[in-house]
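Which chain is which? The protein sequence lines are G and R, in order.
Read in order, the letters of the first sequence correspond to residues 1 to 316 in the numbering used here.
Read in order, the letters of the second sequence correspond to residues 1 to 161 in the numbering used here.
Since the hints were made in silico from the structure, they are not lab data.
Just so we're clear, the structure is a prediction, and the values are computed from it rather than from any experiment.
For glycine and all other residues, C-beta sits at the position ideal for the given N, C-alpha and C.
A hint or two may mislead.
[Claimed, not checked] Here are the in silico distance ranges between beta carbons for each label pair:
| hint | chain 1 | residue 1 | chain 2 | residue 2 | range |
| --- | --- | --- | --- | --- | --- |
| 1 | R | Gly-50 | G | Gly-138 | 44 to 54 Å |
| 2 | G | Ser-244 | R | Thr-39 | 54 to 64 Å |
| 3 | G | Pro-204 | R | Leu-96 | 51 to 61 Å |
| 4 | R | His-144 | G | Asp-67 | 17 to 27 Å |
| 5 | G | Gly-261 | R | Asn-91 | 29 to 39 Å |
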Amino acid sequence: MTALSVGLKVDAEALPPGILGTVDLNDPATTVALLGMNAVVGLHGTVVDGKLVKVGATCALCHSDVDDSVMEGIGRRLDGYANRDLDPGAILALSPAFADAQSQAVLKSWGPGFYDPRFNQDGINHPVLIPPIYGLDGVPLETYTGDGPISYWNSYVAVTQMGAKGPFFDPRLGIAVNRRPDMLTARLPALFAYQVSIPAPPPPQGSYDTAAAARGQLVFTGPGNCASCHSGPRFTDAGLRLHSAEEVGMEPLTAERSATGNYRTTPLRALWQHAPYFHDGSAATLNDVVQHYNSHFSLGLTASQQADLVEYLKSL
Amino acid sequence: MNTRKCVTAMLTSIGLQCMPGLPLIAAEATASASFNIDTGILTLPVVQAGNQSFAATLALVPLATSPTGAAFELRNAAITTNTATGAATFNRQQGLVTLPAVDLVQGGNVLETISAEMDLVEGSTPFLFAVASVTESGKKIFRHVTFGDEQLWTDTLKHTM
Numbered sequence: 001m002t003a004l005s006v007g008l009k010v011d012a013e014a015l016p017p018g019i020l021g022t023v024d025l026n027d028p029a030t031t032v033a034l035l036g037m038n039a040v041v042g043l044h045g046t047v048v049d050g051k052l053v054k055v056g057a058t059c060a061l062c063h064s065d066v067d068d069s070v071m072e073g074i075g076r077r078l079d080g081y082a083n084r085d086l087d088p089g090a091i092l093a094l095s096p097a098f099a100d101a102q103s104q105a106v107l108k109s110w111g112p113g114f115y116d117p118r119f120n121q122d123g124i125n126h127p128v129l130i131p132p133i134y135g136l137d138g139v140p141l142e143t144y145t146g147d148g149p150i151s152y153w154n155s156y157v158a159v160t161q162m163g164a165k166g167p168f169f170d171p172r173l174g175i176a177v178n179r180r181p182d183m184l185t186a187r188l189p190a191l192f193a194y195q196v197s198i199p200a201p202p203p204p205q206g207s208y209d210t211a212a213a214a215r216g217q218l219v220f221t222g223p224g225n226c227a228s229c230h231s232g233p234r235f236t237d238a239g240l241r242l243h244s245a246e247e248v249g250m251e252p253l254t255a256e257r258s259a260t261g262n263y264r265t266t267p268l269r270a271l272w273q274h275a276p277y278f279h280d281g282s283a284a285t286l287n288d289v290v291q292h293y294n295s296h297f298s299l300g301l302t303a304s305q306q307a308d309l310v311e312y313l314k315s316l
Numbered sequence: 001m002n003t004r005k006c007v008t009a010m011l012t013s014i015g016l017q018c019m020p021g022l023p024l025i026a027a028e029a030t031a032s033a034s035f036n037i038d039t040g041i042l043t044l045p046v047v048q049a050g051n052q053s054f055a056a057t058l059a060l061v062p063l064a065t066s067p068t069g070a071a072f073e074l075r076n077a078a079i080t081t082n083t084a085t086g087a088a089t090f091n092r093q094q095g096l097v098t099l100p101a102v103d104l105v106q107g108g109n110v111l112e113t114i115s116a117e118m119d120l121v122e123g124s125t126p127f128l129f130a131v132a133s134v135t136e137s138g139k140k141i142f143r144h145v146t147f148g149d150e151q152l153w154t155d156t157l158k159h160t161m
């Protein structure tokens, strides 16, 4: 199995000029060589005499993509984009550590773009969509369930999911891990500063109807009542309150497994870029999102209003 | 109020004393914080301290009591209205200067971008900041740093290659 087949991406700018024309991309040795060049996005490898002796994962594994400017899966880095081609379950399922039938069944059920950051904590199989992490400057709480600020989640993922050496404590979840030496804590401020500096990509020119979007904005703030929760400059009320699953018509299990028991109002940014929507990917399109809330809140929006609202969302 | 008095007042308001003879400079817009290896000068276009921002220039000096053996002595400071993404911050309560991104410049070329933390040496005149830690830039951390997670991933990922 090659790296590309499980959704790993290649940073074209890390490659020597012309090398892609001379190698067999289906040869595992090529993947090893790419790791040695730090060209596989999100993986840091150490290669000695053509053999991979050590490899680790970084934040970019799940939260960077490439622009496919060379070919599909190979191009310039797009930090902050969710890697929706990545199949973490398929990667983990290849490990001897998860060779038992039950683990295999769970990991292979996730599919590309999904990951369960609680499975190894509570044993429940209920993956969520890998989210983009751009446009987070000013967003008070991270994660679909608003468990804490960005650096809280950085620590959670690094320590409990990536296997990082460092501390993570959350009595709400009953987690207390402290691997030494601490290779994480001193890096959190700089990591945070970079994350919040990543802007949301603007909608491509001509990707939405501007007149309809203007009408849709009036629906958003008016009869759609969207702005009652998607409020403020980041379109979220996460700093003020969270919402129960019942209130927003979401499945309850993801919230129940979190530290808050609730859902955070998702900040709206670059919606054109990261379909599907909702934490579980249950809305394939923005039209599905609008239909969900129109039905759940009995908004009574007309088909025309819904269409305008979708155009407005595409403009954000 | 002239510029010097204004700066003195602002420094005092955040708990710093403006020492005699402190030269003041006009704020200049600079792209990012930088340390010139050739001259030993650290240039900070924007340091956020409470509600105020300052541009500052510091010089590298040895300091035996610093965890890294290095410190920076404040040479110039001026109020600035400039802003910068990832600007340095100064927390008076903790005496901590956080530098999220500093370009290391040698021969006019940026060799690397790092981040660092510095602690104010209490009672120092002129102000002295001990370099407490130096790490990679946030961008480098995001892209390349594993936080020592190889123990988990080496066995896992070697089987996918």
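> Taking the beta carbons of Gly-50/R and Gly-138/G, is their distance inside 44 to 54 Å?
Replying inline: 19 Å, violated
> Does the Cβ pair Ser-244/G, Thr-39/R satisfy 54 to 64 Å?
Replying inline: 59 Å, holds
>> A range of 51 to 61 Å was offered for this pair. Does it hold for the Cβ distance of Pro-204/G and Leu-96/R?
In response: 42 Å, violated
>> Can you tell me whether the CB distance of Gly-261/G to Asn-91/R sits inside 29 to 39 Å?
In response: About 33 Å separates the Cβ atoms of Gly-261/G and Asn-91/R, which means 29 to 39 Å holds.
>> Just to be sure I understand the hint, the distance between the Cβ atoms of His-144/R and Asp-67/G should be within 17 to 27 Å; is that true here?
In response: 19 Å, holds
Of the numbered hints stated above, those contradicted by the structure are hints 1 and 3, listed in ascending order.
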